[in-house]
Amino acid sequence: MTSAPTDRQLVFVAFASLLAVGIALVSQHFYDMPPCAYCVFQRVVYVGIAFSAILALLLRRVRPAQMGFTLLAFLLSLVGIWAAWYQHSVAQHLLSCDMTFADRFMTKSGLDEALPNVFGIFASCMDAAVDVFGVKYEIWSLALFAILGVVSLMALIRQSRTPKRRYA
1042 MTSAPTDRQL
1052 VFVAFASLLA
1062 VGIALVSQHF
1072 YDMPPCAYCV
1082 FQRVVYVGIA
1092 FSAILALLLR
1102 RVRPAQMGFT
1112 LLAFLLSLVG
1122 IWAAWYQHSV
1132 AQHLLSCDMT
1142 FADRFMTKSG
1152 LDEALPNVFG
1162 IFASCMDAAV
1172 DVFGVKYEIW
1182 SLALFAILGV
1192 VSLMALIRQS
1202 RTPKRRYA
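The numbering of the sequence shown is my numbering, which starts it at 1042 and goes up by one.
Heads up, a few of these hints could be off.
Label-pair ranges, simulated between beta-carbon atoms [said to hold, decoys possible]:
(1) 1123 to 1053: 16 to 24 Å
(2) 1072 to 1103: 15 to 23 Å
(3) 1053 to 1201: 16 to 24 Å
To be clear, the hints were calculated from the coordinates, so they are not data collected in a lab.
Positions of the beta carbon are idealized from the N, C-alpha and C atoms, including for glycine.
Please construct the entire structure, taking both the sequences and the accompanying hints into account.
Listed below in structure tokens is the structure:
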């Protein structure tokens, strides 16, 4: 069984991930910031992190499962860091995101057609480049992915150090 601090860490990871998607949707629908392929791909990663953290919470009594889902949240945060970095350093300088990894992933997953208001690609990465408080949107995302990764790793370390309970 996990400790309360681990539960709080996982709740933070899930909440912050879903909040990031919510903020992205508000930006898209209320502030006319159409997303590019990498923006939308990062939304998928945030949802995956949240789902993993929630499953880790629900499976707290099954240590291998909890640790597995916490590890998945950590690994997905690394994927998110890569996606945000790639968007910032490469994709936003391209005239088109067509046929990049994110574009192919989103198209083949079918999410862009199934939920276009959430996962639809409506801009190129170059056109979607936006500053928020003087910092590029994808840098904010990269920072959040890094925070989520650190918190997930802390939860994973705590889970591995928690002594196993013996039931009589």
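Taking the hints in turn, this is what the structure says about them:
About 22 Å separates the C-beta atoms of residue 1123 and residue 1053, a value consistent with the hinted range of 16 to 24 Å. Between residue 1072 and residue 1103 the C-beta distance comes to about 42 Å, which lies outside the given range of 15 to 23 Å. The supplied range of 16 to 24 Å is met by residue 1053 and residue 1201, whose beta-carbon atoms lie about 19 Å from each other.
Checked against the numbered hints above, the structure violates only hint 2.
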